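Keeping their order, the protein sequence lines are chains A and B.
Residues in the first sequence are numbered consecutively from 1, following the working numbering.
Residues in the second sequence are numbered consecutively from 1, following the working numbering.
These are computed hints drawn from the structure, not numbers from a lab.
Predicted model, so just to flag it, every value in this text is computed and none were measured.
It cannot be assumed that every hint is accurate.
[Stated by the list, open to error] Restraint-style ranges between C-beta atoms, simulated for each label pair: (1) D17(B) to W448(A): 57 to 67 Å; (2) P15(B) to H432(A): 54 to 64 Å; (3) G54(B) to T177(A): 41 to 51 Å; (4) N424(A) to M1(B): 44 to 54 Å; (5) G275(A) to P56(B): 13 to 23 Å; (6) D396(A) to E29(B): 27 to 37 Å; (7) S144(A) to V23(B): 34 to 44 Å; (8) S3(B) to G275(A): 13 to 23 Å; (9) R196(A) to A5(B): 29 to 39 Å; (10) S3(B) to A217(A): 10 to 20 Å.
[To be verified] DSS-like mimics (lysine-lysine), calculated; alpha carbons at most 30 Å apart, straight line: (11) K352(A) to K367(A); (12) K287(A) to K206(A); (13) K389(A) to K206(A); (14) K206(A) to K442(A); (15) K442(A) to K428(A); (16) K206(A) to K62(B); (17) K442(A) to K426(A); (18) K367(A) to K29(A); (19) K62(B) to K36(B); (20) K433(A) to K286(A); (21) K36(B) to K286(A); (22) K286(A) to K62(B); (23) K359(A) to K29(A); (24) K36(B) to K206(A); (25) K36(B) to K287(A).
[Claimed, not checked] Here's a subset of chain A near chain B, in silico, CB distances under 7 Å, partners left out: (26) P62; (27) G152; (28) N190; (29) G279; (30) G304; (31) A305.
We put the beta carbon where it would ideally sit given N, CA and C, even for glycine.
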Amino acid sequence: MLNEWFKTKKPHKLPPRTQAASTAAAPRKYDAIVVGAGPSGASAACFMARDGLDVLLLERGPFPGAKTCGGAAVIAEQIHELFPNFWEECRYERIVTRLDYWWLNDDSAVTAGFTSGRLAAAPYNRLSVKRKNFYSWLAAKAVSAGATLLLGHTVDDVLLDHGRTVGVHVSPPQNTTFLADIVILADGANSLLAERAGLNSSVTAKNLSLYAKETIALPPETIEERFNLPPGQGAAIGLIGYPTAGFNGTGSIHLFRDGVNINAGMSVSDFAAGGFGPGDLLERIKKHPRIQPLLAGGVTAEYGAAMIPEGGYHAIPPLVHPGLLIAGDAASLVNGTQGINLAMWSGFYAAKAAFEAKKSRDFSARKLSLYRTLLDESFILQNMRANAKAAALQRDRPYLFDLYSRMANEAAYQMARAYPMPMNAKRKFIWHKVTSLQPVGKIAADLWQVLKVVKG
Amino acid sequence: MTSTAAKVSLIEFRPDDDWQHIVIADQEECRRCPDKNCLRVCPAGVFAWDNHPGHPVLVRYKQCVECGACRLACPQGAIEFSYPRGGYGVVFHQG
Ligand SMILES: Cc1cc2nc3c(=O)[nH]c(=O)nc-3n(C[C@H](O)[C@H](O)[C@H](O)COP(=O)(O)OP(=O)(O)OC[C@H]3O[C@@H](n4cnc5c(N)ncnc54)[C@H](O)[C@@H]3O)c2cc1C
Ligand code: SF4
Ligand code: SF4
Chain A
1 MLNEWFKTKK
11 PHKLPPRTQA
21 ASTAAAPRKY
31 DAIVVGAGPS
41 GASAACFMAR
51 DGLDVLLLER
61 GPFPGAKTCG
71 GAAVIAEQIH
81 ELFPNFWEEC
91 RYERIVTRLD
101 YWWLNDDSAV
111 TAGFTSGRLA
121 AAPYNRLSVK
131 RKNFYSWLAA
141 KAVSAGATLL
151 LGHTVDDVLL
161 DHGRTVGVHV
171 SPPQNTTFLA
181 DIVILADGAN
191 SLLAERAGLN
201 SSVTAKNLSL
211 YAKETIALPP
221 ETIEERFNLP
231 PGQGAAIGLI
241 GYPTAGFNGT
251 GSIHLFRDGV
261 NINAGMSVSD
271 FAAGGFGPGD
281 LLERIKKHPR
291 IQPLLAGGVT
301 AEYGAAMIPE
311 GGYHAIPPLV
321 HPGLLIAGDA
331 ASLVNGTQGI
341 NLAMWSGFYA
351 AKAAFEAKKS
361 RDFSARKLSL
371 YRTLLDESFI
381 LQNMRANAKA
391 AALQRDRPYL
401 FDLYSRMANE
411 AAYQMARAYP
421 MPMNAKRKFI
431 WHKVTSLQPV
441 GKIAADLWQV
451 LKVVKG
Chain B
1 MTSTAAKVSL
11 IEFRPDDDWQ
21 HIVIADQEEC
31 RRCPDKNCLR
41 VCPAGVFAWD
51 NHPGHPVLVR
61 YKQCVECGAC
71 RLACPQGAIE
81 FSYPRGGYGV
91 VFHQG
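Okay, chain A solo, but in the shape it has when bound (with noise of 0.2 Å):
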């Protein structure tokens, strides 16, 4: 099996390059360059270096993680296979034990989820971070694997020498260029360089969700009290139905050691058809009733927002040319709730191509395609595939989250209440109910198209 393949191989290092004389006018060329400390440019830099390769990492912010915000929990299991036991030397906030979906109402909320003391036990199944000291861990890893980081670089241009990567340039005030044998874009979800270098047409207000986000604190014992949770562990909740107001899209909780990470958000298509942005929709989903009191008497210490590529399978551009490799969200890496991980791998994954190519000294697109083969083989593309029918369904249904959240809420309501009436004028009674928001053959018609999905 190609997956396994580089767990096989023996370790191989290249021998250490002679520093030639630097002469003044000529950019420096490393072997490689990655643009963007996010998780996937990190991952990507750090394996390269400790395969020997002469490694350049580029951030344009001021620190690794500066630059984006929302959520975060990661996949612990995944990343400990790339990182073996990461949770001692990352600073994370709270081991997740608790994975919640609520579908909300006006003013009510079903909810399924899962609970588990055994999820508090190492590898851990997700922990939450904070994004600045995540990326700084995995950026230092890079770096101690003997890449070099630069920070306060934004590259605003790739250079071509006869349709192959050759390098980059860096925007004033640096203003300068870096040469390398294979650029790795990692620049994340509104990656502008592969747009602009038209490597990647999948960037659309469709494809793309934006997302607001707000950290609140509260004392720890509150969020544990709050959220029915022993000291240290934390949950991550998935919000669905109402936070979007009428459209297809999501909200999430997440919990940090002293305080709350929500957001919500969708497509910055439906925004645009909506008329509104997504801080209406942090305000309206802050407001809801069974949200409120967990938020309540908390400060506000951070507000923002970004984007996601939520285009699913069939957005994923090209990921392979001459001398250059997409990774993670400037790819369109992105499943469900989880990027990070795909990041990080893909990151790995492209490492793996570009030592390849190197040793080789063929930097061609045929050859770096061993990217694109290992991301096929790879949980990462073989998931992305399967849920690529149900990015399909929520686009042409746009009502569903939406509409059956409604439903079940209404229907639970229903239940939920003692009429003085016998069982079965009761049932009917529910079903006159529900099926009055959405007529029996519509609903027919959803559950086949959903069953289909599910099915593969």
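With chain A held as given, fit chain B with the ligands onto it using these hints.
Just chain B with the ligands now, kept in the frame of chain A:
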């Protein structure tokens, strides 16, 4: 806390006084633009207009959180978006 302005005031920005990273290339487009998506979609209230026909749409770029949504939401493609120069712009601390 509910108003966008109050929330934006909590964010750390390192503004670049010498270079504006978001510009409206052609205000003619804005004059003809019926929906003015930018005014509502932007999560940080960067775009402002005084509701007077003929008046320009203002771009308060120093409070931009660099999400990149405005350029996708503008039906006219009138927004020229690039990232701030290295080291400038929004700085998130809270994840
Ligand atoms: C609100 C929200 C909640 C989320 N919650 C979760 C969650 O709970 N779990 C999860 O797994 N995922 C979550 N995600 C998704 C996750 O954030 C992304 O999938 C992940 O960050 C992608 O990593 P990346 O390295 O590809 O890109 P990014 O994390 O966006 O990193 C890109 C980096 O490149 C830098 N950069 C960009 N352009 C340039 C340039 N021109 N020059 C130099 N540097 C540049 C940026 O500053 C940034 O540091 C969430 C996203 C959002 C918006
Ligand atoms: S949406 Fe575009 S064209 Fe319309 S007002 Fe805003 S910037 Fe101008
Ligand atoms: S990038 Fe985002 S925050 Fe900045 S102006 Fe555009 S929509 Fe507003």
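Going down the list of hints, with the structure as the test:
The supplied range of 57 to 67 Å is met by D17(B) and W448(A), whose beta-carbon atoms lie about 59 Å from each other. Checked against the hint of 54 to 64 Å, the pair P15(B) and H432(A) passes, with Cβ atoms roughly 59 Å apart. The hinted window of 41 to 51 Å between G54(B) and T177(A) holds, with their beta carbons roughly 44 Å apart. At about 51 Å, the beta-carbon gap between N424(A) and M1(B) stays in the expected band of 44 to 54 Å.
Hint check: G275(A) to P56(B), Cβ distance near 21 Å, so the stated range 13 to 23 Å holds. For the pair D396(A) and E29(B), the supplied restraint of 27 to 37 Å holds, since their beta-carbon distance comes to about 32 Å. Here the CB-CB span from S144(A) to V23(B) is close to 41 Å, well matched to the stated 34 to 44 Å. Checked against the given bound of 13 to 23 Å, the beta carbons of S3(B) and G275(A), roughly 19 Å apart, stay inside it.
The hint said 29 to 39 Å for the Cβ distance between R196(A) and A5(B), and at roughly 33 Å that hint holds. Between S3(B) and A217(A) the C-beta distance comes to about 19 Å, which sits within the given range of 10 to 20 Å. A distance of roughly 12 Å separates the Cα atoms of K352(A) and K367(A); the hinted pair therefore holds under the 30 Å criterion. Only pairs whose Cα atoms come within 30 Å are accepted, and K287(A) paired with K206(A) is accepted, the gap being roughly 28 Å.
Straight-line distance between C-alpha atoms of K389(A) and K206(A) comes to about 16 Å, which keeps the hinted pair within the 30 Å bound. As the CA atoms of K206(A) and K442(A) are separated by approximately 25 Å, the hinted pair is consistent with the 30 Å bound. At most 30 Å may separate the alpha-carbon atoms for a hinted pair to count; K442(A) and K428(A) meet this at roughly 19 Å. Among the hinted pairs, K206(A) with K62(B) is consistent with the structure: their alpha-carbon atoms are about 27 Å apart, no more than 30 Å.
Pair hint K442(A) plus K426(A) holds up; C-alpha atoms about 23 Å apart against a cutoff of 30 Å. This hinted pair checks out: K367(A) and K29(A) have alpha carbons roughly 21 Å apart, not beyond 30 Å. As the CA atoms of K62(B) and K36(B) are separated by approximately 20 Å, the hinted pair is consistent with the 30 Å bound. The suggested pairing of K433(A) with K286(A) holds, with an alpha-carbon distance near 28 Å, which does not exceed 30 Å.
At roughly 27 Å between alpha-carbon atoms, K36(B) and K286(A) fall within 30 Å of each other, so this suggested pair holds. Only pairs whose Cα atoms come within 30 Å are accepted, and K286(A) paired with K62(B) is accepted, the gap being roughly 27 Å. Distance hint between K359(A) and K29(A) is fulfilled; the C-alpha atoms sit about 17 Å from each other, no more than 30 Å. Note on K36(B) and K206(A): the hinted pairing holds, with a Cα-Cα distance of about 18 Å set against a maximum of 30 Å.
For the suggested pair K36(B) and K287(A), the alpha carbons sit about 27 Å apart, so the restraint of at most 30 Å is met. With its C-beta approaching chain B no nearer than about 5 Å, P62(A) sits inside the 7 Å limit, and its interface hint holds. For G152(A), the suggested interface contact is upheld, since its CB lies about 3 Å from the closest CB of chain B, less than 7 Å. Using the Cβ-Cβ criterion of 7 Å, the hint placing N190(A) at the interface with chain B is satisfied: the shortest such distance is roughly 3 Å.
Given the 7 Å rule on beta carbons, the hint for G279(A) holds: about 5 Å separates it from the nearest Cβ of chain B. At a threshold of 7 Å, the smallest CB-CB gap from G304(A) to chain B is about 5 Å, leaving the interface hint in force. Taking 7 Å as the C-beta cut-off, the interface hint given for A305(A) holds, the closest approach to chain B being about 4 Å.
Hint compliance for this structure: every hint is met.
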